[in-house]
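S.K.: Just so it is clear: in the sequence shown, position 101 is 124 by the working numbering, and no numbers are missing.
Some hints here could point you the wrong way.
As the list claims (entries may be wrong) - The calculated lysine-lysine pairs, modelled on BS3-like cross-linking and capped at a C-alpha distance of 25 Å, are:
#1 Lys56 / Lys125
#2 Lys67 / Lys84
#3 Lys35 / Lys61
#4 Lys56 / Lys84
Hints listed in this document are in silico derivations from the structure and should not be mistaken for laboratory results. Since we're looking at a predicted model, the values are computed, not measured.
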Amino acid sequence: MGRKKNKQVVLKPWCWYCEREFEDEKILLTHQKAKHFKCHVCAKRLSTANGMVIHVAQVHKENIKRVPNALPGRDSPDVDIFGSQGIPEEDAADYERRMNEKLGESAAKRARPLPTQTQSGTNGGISN
24 MGRKKNKQVV LKPWCWYCER EFEDEKILLT HQKAKHFKCH VCAKRLSTAN
74 GMVIHVAQVH KENIKRVPNA LPGRDSPDVD IFGSQGIPEE DAADYERRMN
124 EKLGESAAKR ARPLPTQTQS GTNGGISN
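Given only the sequences and the hints, what does the whole structure look like? Please build it.
M.R.: And the structure:
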């Protein structure tokens with residue numbers, strides 16, 4: 024018999040601002056430019072939240088205090104994120120832990136045997 028290999032879970036790239044998963048980093052970057060780093064005045068798409076803040080301040084003379092379409096607590100433009108780079112370590116570890124738990128639960132559900140039907144109270148139709 025062979026040894027069972029411990030499967031390492033490979034996480035897909037995910038957006039720190041909204042926790043959406045993507046197939047690859049390029050699609051994540053496109054998402055961030057379209058949903059989180061887009062100028063609300065002229066619709067210019069920028070690469071980072073800080074880039075958007077600077078653009079809006081210099082071109083439109085406005086101040087941005089929040090990243091659009093972000094989860095509460097993750098809407099600060101001060102966090103420098105580009106794709107998957109720059110995600111705070113504690114948030115990345117928390118996300119990975121939650122995904123491993125989620126995958127573990129779904130694997131446990133698949134591995135759980137179906138309940139068997141018992142004939143309680145009967146001797147299989149045989150009387151004494």
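S.K.: What are the numbers of the hints the structure violates, in ascending order?
M.R.: 1
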